[in-house]
Amino acid sequence: MNVKSTIEWLVSDEPQSARQAWLGQLFIGFRAFQQNVLGMTGLGIVLGIIIIAALAPVIAPYAPDAQDLSHRLEPSSAQHWLGTDEFGRDIFSRIIYGTTYTLQFVTLVIVAIAPIGLLIGVTAAYAGGVVDHILMRITDIFLSFPRLILALAFVATLGPGLGNAMIAIVLTAWPPYARVARAEALRIRNSDFISAAKIAGAPPRRIVLGHIVPLCIPTIIVRGSLDMGSIILTAASLGFLGLGAQPPQPEWGAMISAGRQYFLEQWWISTIPGIAICIATIGFNLLGDGLRDVLDPKYR
Amino acid sequence: MYINKTFFREMAKVLFSALVTLFGLLILTFFIARLLPIDPVLAVVGEQASEAAYERARQDLGLDKSLFQQLILYLQNIVQGDLGQSFLTRNDIVDDLKRVFPATIELATTATIIGVLIGVPLGTWAAAKQDGWPDHVARFLGVLGHSVPAFWLGMIALLIFYAKLGVVPGPGRVDDIYYGLVTQQTGLILVDSLMQGQIEVFRNAVSHLILPATVLGIFSVANISRMTRNFVLAELRQEYVTTARVKGMDMRTIIIRQVLPNTFVSLITVIALQLGALLEGAVLTETIFGWPGLGLYMKNSLLNADTNAVLGGTLLVGVTFILLNTGADALYRILDPRARN
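Protein chains in written order, with the numbering used here: chain A, 1 to 300; chain B, 1 to 341.
Extracted from the complex, chain A is given alone in its bound form (with noise of 0.2 Å):
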């Protein structure tokens, strides 16, 4: 099959499975992506920081934690790119094994509050009466708070460190997600085809996995997506507070927190980190609404 008529199939106004109706409109959504310039950047951007961070070691020109006493708090040089730290370490390198931990924390963060929220939002919607007006309410208590307090308030007590500052965070960042699957779950319950797959005699749990599940899904992933920025600035913030990552690790928060105390002298140690956090986060807030846009059909 060549490129033309790959693209004919994919783009056919009557697809003849599911399979190339799905595919198709995946090729589409992409090809609408594409115009989005923004959205191009923000995927450039953390397609870039995966790579750096599978590829850290070949990149790195030192181990993030190898100290070199005798060449502490240095500026810029030919040896050390971007200087070094209080305790000699090569301030690029760190920065460069930095990128694991901020992908690996809003990875697992998103991939475990997302079903979560679903779950909550798709059964408050499907049981809606009590059910839904008790877990709605739940959810409001939560989001009452602003997301770093409540997870500070965990965080104090589940002690400092990166995995529980990663629970406190999933413990305080599902309610907007159930919002939102609860507000698509209500929709899609009203629609006809439900209530043809009701007739049919589905079974209450088919209906609730096999049909509404799924179409929650586009939502929760533009949700998801929109999250991620902040979810990086959180997770540095607990660090920077000293509550998640903890030295020696090369975590971008930790290490602004690291180099206050010779800040007003050395000033690259706490800045640098600090770049690294607006650029990830830019381009993860960018890819966000550029997926927005494509997925959400009000904004097309």
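These are computed hints drawn from the structure, not numbers from a lab. Quick caveat, the model's predicted, so the values are computed rather than measured. Don't be surprised by glycine CBs; every beta carbon is placed ideally from N, CA and C. There could be a bad hint or two in this list.
[Claimed, not checked] Here are some, though not all, of the chain A residues that point toward chain B, as calculated from beta-carbon distances under 7 Å:
id : residue
1  : L148
2  : A156
3  : F193
4  : G210
5  : A236
6  : T281
[As the list claims (entries may be wrong)] From the derived model, a few chain A residues whose C-beta atoms are all more than 12 Å from chain B:
id : residue
7  : D65
8  : A114
9  : P218
Place chain B on chain A using the hints.
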């Protein structure tokens, strides 16, 4: 103003909903405090306590009772204004919070005022001249506000304006020599110093406040200008704007006299929520600027595993959030008859 039976019923509904959320909040903090793996008894008596001392402390804390009884006890204490003692300062947490919270209010309010004074005109301008340079500035600020860590921006600002240029004083609320000159009345040092005629302290306090408030204010401007822009754009699509245009009014007059007043009601909600969101930013920037508010207090408590104090602070932030939300909701219904059903 339509104050009648329906109105009171509406207000009662708003209030009831706030109370339910508040109750849920208390239960949430209770469970965070009780269901997690730290032993609060050990924190009180220390590792080397004898069996008897441990048991006594356990009974004092009410931990030998059932979870439900503990919850009732916890709620009783809170209603009586008792949040327990801080392990770190040995003070009642309520007293600690009373001492530190005004500093945070002062910072967050000033930042919000900056946000409104700059954000509303900027957003309006951006909407009026879509894709013009004010629009680009607003958009850039929007990206900045969602991508830059607040604590890092604070550090950079301190580096440039304090260390390099020397145009603002360093950390703290006032210089050391002014410390203690003003007795605490409202806790807001700007207000207290003015009331006591200490103009010099007031001036010094303003100079200390400017930088942290501006840093926080940038995040506020980012949000408020974006929302203002959306509201104004939505209004501009209304038919009355076309009518006014057809009658020969110029755009500037239409926007200032007719469009903007129509957006105020929605803006109030945004501003109230923004003020609440700044409490989160305050936790991070207070650390940088040595601002003796709730954020610094919570951070120090966190680092010393002072769980009670952290939960007290969390509760305070949650209550403030609910109050702001409820206030905005009530005001919205009072000002906009359409919001009442």
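Which hint numbers doesn't this structure obey? Numbers 3 and 4, in rising order.
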